[in-house]
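Trainee: Here the structure of chain U is known, so what remains is to put chain W in place on it, guided by the hints.
Here the protein sequences line up with chains U and W, keeping their order.
Following the numbering used here, the numbering of the first sequence begins with 1 at its first residue and continues without gaps.
Following the numbering used here, the numbering of the second sequence begins with 214 at its first residue and continues without gaps.
Source of the hints: derived by calculation from the structure; they are not laboratory data.
There's no promise every hint is true.
[What the hints assert, rightly or not] Estimated spans, in silico, between C-beta atoms of each pair:
no.	chain 1	residue 1	chain 2	residue 2	range
1	W	814	U	11	38 to 46 Å
2	U	171	W	731	40 to 48 Å
3	W	805	U	72	33 to 41 Å
4	W	667	U	38	53 to 61 Å
5	U	38	W	744	23 to 31 Å
6	U	117	W	809	18 to 26 Å
7	W	738	U	28	34 to 42 Å
Quick reminder that beta carbons are idealized off the backbone N, C-alpha and C, glycines included.
Listed below, chain by chain, are the residues.
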Amino acid sequence: MQRGLVIEDLATTADWLSRALHEAFPGIVVEHAETLSDARIILQRSMLDIALVDLDLPDGSGIDLINLISARHPHCHCIVTTIYGDDRHLFPALRAGAQGYLLKDQPVERLVAALQAIDRGEPPLSPAIARRLLGMFAPNDPAPAERKLTARERETLVLIAKGLRLAEVAEQLGVTRNTAAGFVKAIYRKFNISSRAEAALEATRLGLVKSAF
Amino acid sequence: MRMLSLALLIAALAIALCLVLARSPPYLGLRLNGDEGAEGVRIERAHGPSAGRLRAGERIVALRNGSAAVPLQPDDLAIEPDIAFADYQPFDAFMQRQQALAEALAQSAVPLVLDDGRVVEIIPFHGRPIRDLPFEFWLQVFVAAAGWLLGASIWAFRREQAASLYLMITGLGTMLMAGSAAIYSTRELALPGARFLWLSRVNHGGALLCMAAFIAVLFHYPRRLGRGLWGPALLAIYLLIWLADLLQILPLANRTVQGAFLGGVALAAAVAAWQWRGTRGDPLRRAALQWFLLSWFVGTFGFMVIVVMPGMAGIDTGKLQAYGFGMTWLISLGLALGIARYRLFDLETWWFRAVALVGGGAAVIAVDLAFVSLLGLRQPAALTLALAFAGWIYFPLRQWLATKVFQRFGLLRMRDIPRLLREVIADTPLEAEHLLPESLRRLFAPLQLTPLARTPRKVRIAGNGSMLLVPGIGRWPGWEVRWADNGTRLFTRQDAQLADAVRAVLERVVAYQDAVEQSIERERNRVAADLHDDVGARLLTLLHRADPEQAQAIRETLASLRLVVHGLGAQPQPLVDALAEWRAELHERCEAARVGVIWHEAAPLPEWRLDAPQQLHLARVLREAVSNALRHAAPTRIEVRLAAEAGALRLSIANDGACLPPPQWQAGNGLRSMRSRTQKLGGELTIEAEEGHVVLRLRVPLDAPPSGADKPLRIG
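Next comes chain U alone, as it looks inside the complex (with noise of 0.2 Å):
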């Protein structure tokens, strides 16, 4: 990670964000954005690794730059910031194409590791995610194998959803720690690549856009 961005309107808060960034990668240089259309203004310049996005921000939510940021960069890592864990308040970030979450009020060690595992390619997965996502891939879904998850990894969110942690999820499943981080890294794709595709399907059915066929 080379180079980071933080979105974020509380001073303080973009303050300690900037400094977890410093502590999981060392050398990095983090650029500070407190609106959206800043933070437009410096992806289109920077080649960035790593954006925080606070999903509160005074001209609007974050959740459209994630689209873009998800759209344009795609080698750029959306995270999310927030206070609130629950599903109800992530879900529409995740779908819109962020590859993880950060709990703003954890202590800098824990965010720091958090960083370091998505990082290492571990994306975080908490059971209410985990249970919501279960429902959106339906075991008979008729799509084609890119937006299906495999048995495995149906299993993995399974166990997510019980409340496993990555370690016991790969005991379980009887495959080493870093196959199971793939497992919900491939499942973050799907339902990314799932929720475009709803996204491009309404678009074209809403003549937004002129499809390729």
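Mentor: Showing chain W alone in chain U's frame:
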């Protein structure tokens, strides 16, 4: 099918026979009428053989037969000799005169003696043209055939019931009675005496047979009242009466036959009353019986009132006999419809109206007759007085009776709706789902109330009145209401209208409730957003400026804030979901502190749901316990065990490490808060500690209903 064809054949044969017999006498082409007090008979119309030779208004006083003259009396034209001649002597004399007239008519040329002395010879046709047969003939033939066919077809389809056999016999009786009357009552002038006599006897026999069989039907339908031998016994009795009439040994001659008929009606009424009492508590049977009785009542009573009663009072109503037969045919029609289960559920209103109508008419006639016979008043005056009497006394009486009857049948219940709705909605606040079934239950006191898988489009009666189908309100199912008033009556159209009205009101009520809930929800969301934006943001800022001690406290505050916001709109959450979250949190905290976790859940736990306060308190207690362990004991391992026991959740958190025995613990806020929260949950908390090991045990009852957390947030 074969029976039906046979019945049709018999009917056809009967019609043919009637036609043959009616057409066989020689035809003069005259329409004759007798005037009281005048001599001979008056010509009303002359055509056919008499056209041009005789004119309307001329009177015929005799027929010449060879050298003898057969005088004509107005009586000779009697349509129904039973009624015209009450005793046997005049009756026999009449028959003899008919014979003489028939012989005179059999000549090739019939000399007619007019009152002014002229003699006109008419050459009769050999048979009466069909066109000349009057309407009364066809009506009675129709009644004969239709009555027989109805009876026969009912028996053909319901051969297993004794009642249908007797019904067929009434059909046979009707055929004999009406068919014979059709022939002689519409004759031009005379029939051969012997033939006429036999036709008259067949007529009596048919009437008596019909009456006897009808009583037998009532004896058997809807259920048999006694030994089955009574049916044949009744038939035998009436057969004996007929034989006595044949032999002319009945005391009052023709009046006895009529009396036997009327007596039969009275007996039928008694049997009907007996059947009625027996159908109490069986609304379908009672409805069937009602229909049966209604049609019978209208038919026979009408017949009696028109024909028989005045006949017994000496008034010659022979002309009306045909129409009387028409009314009796209504009986058969009513029976057929009743058996087809037609409109059984509207009977109360129809019954009352029919009774009132016929009874009212009969009252007028009876009072009129009374005035004529008892007070000797002349006709127009008597009728006027009768009408006035009936009007002033009868109509108010009828109105009063109507309200009484309709009240008894519960048909005035529209007035009860406001009270009912008040009870259902205001006094006992029910969930929207239960409003409709509870109202239906109170309105109709049904034996059964079941939800319907597919909701009907509108309220309707089904199952011949035993069921009422009511559409549901909103997303809830419709209802099937069975057996009104604890199974004592059927549903009427008024009931359907009532149910519809009540349902419409309840639909409004539910819509209103929904609107209120929606606005409450919006308010909740607004409050939650405000809390988040304002309080949450401030706390966060404080957090990031604070030192570690304070930071922890602020974190707890934020956690509480989260729980409160969550609880504002929260539905009860399944226990398993809450446990999953705690487990994940526990793991995360222990992973950060490098403490091992063992989680043991006795499977399966019941499907309990936690309301918002329960979630809040339990979460805090657990968090506090883990915080304590992590802070004071520096454990290597934390072990959580969960089990369900007798409606309560048992939870134990154990940790190793450097543990002080409990008396040496400082009663900090943590311990106090744990105890108070446990108390709020209605549970028990125990802490056991020994060297190197602390176990916290929590027991929380979860089967009790939520502590009023579902009450909506009061705004303003």
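Trainee: Could you check the structure against the hints above and give me the numbers of any it violates, in ascending order?
Mentor: none
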